[in-house]
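So the sequences go chain by chain: A and B.
So in the numbering used here, the last spot in the first sequence is 129, and the numbers never skip.
So in the numbering used here, the last spot in the second sequence is 129, and the numbers never skip.
Hints in this document: simulated from the structure, not taken from any laboratory.
Fair warning: this is a prediction, and the values are worked out from it, not measured in the lab.
Any given hint could be a false lead.
The list cannot tell twin chains apart, which means a pair is met if one copy fits it or any two copies do.
Each computed DSS-like pair below joins lysine-lysine, with the alpha-carbon atoms no more than 27 Å apart [stated by the list, open to error]:
#1 LYS4 / LYS119
#2 LYS76 / LYS4
#3 LYS76 / LYS16
#4 LYS4 / LYS16
There are 2 protein chains.
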Amino acid sequence: MIRKPYAQVPGVAIDKPGFQGMTARFALTGDDGMPHYALRVMEFAPGGHTSLHAHAEEHEFFFLEGEPAIVDGEGKETRLAPGDAVYTAPHEAHQIRNVGDTVMRMVCTIPILAGGDGKTTTQQSGGTY
Amino acid sequence: MIRKPYAQVPGVAIDKPGFQGMTARFALTGDDGMPHYALRVMEFAPGGHTSLHAHAEEHEFFFLEGEPAIVDGEGKETRLAPGDAVYTAPHEAHQIRNVGDTVMRMVCTIPILAGGDGKTTTQQSGGTY
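Please take these sequences and the hints and turn them into a complete structure.
So this is what it looks like as structure tokens:
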């Protein structure tokens, strides 16, 4: 058994292009010996967001607090709420946004594909995201 | 994209032997086309618990609210708290308990193994749990 209070997992600021105000806490990843998928807690400052991007991994999100939104490949924004379970499919474009005035927090899971560690994703090349 | 507010997912009372006061909300499973793993929200009434059991699937839990505890194969109880990310390995015995006076709620993920749907686990046979 491994137990990690998420707030004790060091926060890593994500400064990839198009990302802003996002901190990742890599709670359970390949580094911990996870056999199939990783569980991370992501925090977004007010105005924070990911890029509009896609990757080979699906996501299963669970939103914890704050005012989240998700944007699809056509730029359509859908407001979400704490308690929402959300799935984005492999190669499906998505952007996560904090559209509120407080921290937005979510559990973000991804499969650990061959050669991966559950901390980074397999970015699609050749696209605009 | 699939979005399911967890509270709108029907709760299924789990009445397997040794389980008490536990309700499962199967938010994202094989029925929804999840390719690798499932995300469920489990709720325990005060005094509620699973059996002490094991299965081929690992778990990655994220505890949301209430006063949870986990028991290992030697009967040792560890108190947990909301915000804890917890891993139990494949075939590792575990029991989840609500040791508080209010509802205890957690996100419970499991891999979808061959032939599985992410709603049930592969129970070990021949043991006492």
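Hint check:
Taking CA atoms no more than 27 Å apart as the test, LYS4 paired with LYS119 passes in both settings, with 16 Å inside one copy and 25 Å between copies. Taking identical chains as interchangeable, the C-alpha atoms of LYS76 and LYS4 lie at most 27 Å apart only when they sit on different chains, with a minimum of 18 Å there against 36 Å within one chain. Proximity of LYS76 and LYS16 under a CA criterion of 27 Å is satisfied intra-copy only: 22 Å inside one chain copy versus 43 Å between copies. In this homomeric assembly, LYS4 and LYS16 come within 27 Å of each other (Cα to Cα) only inside a single copy, at 26 Å, whereas the closest approach across copies is 29 Å.
No hint from the list above goes unmet by this structure.
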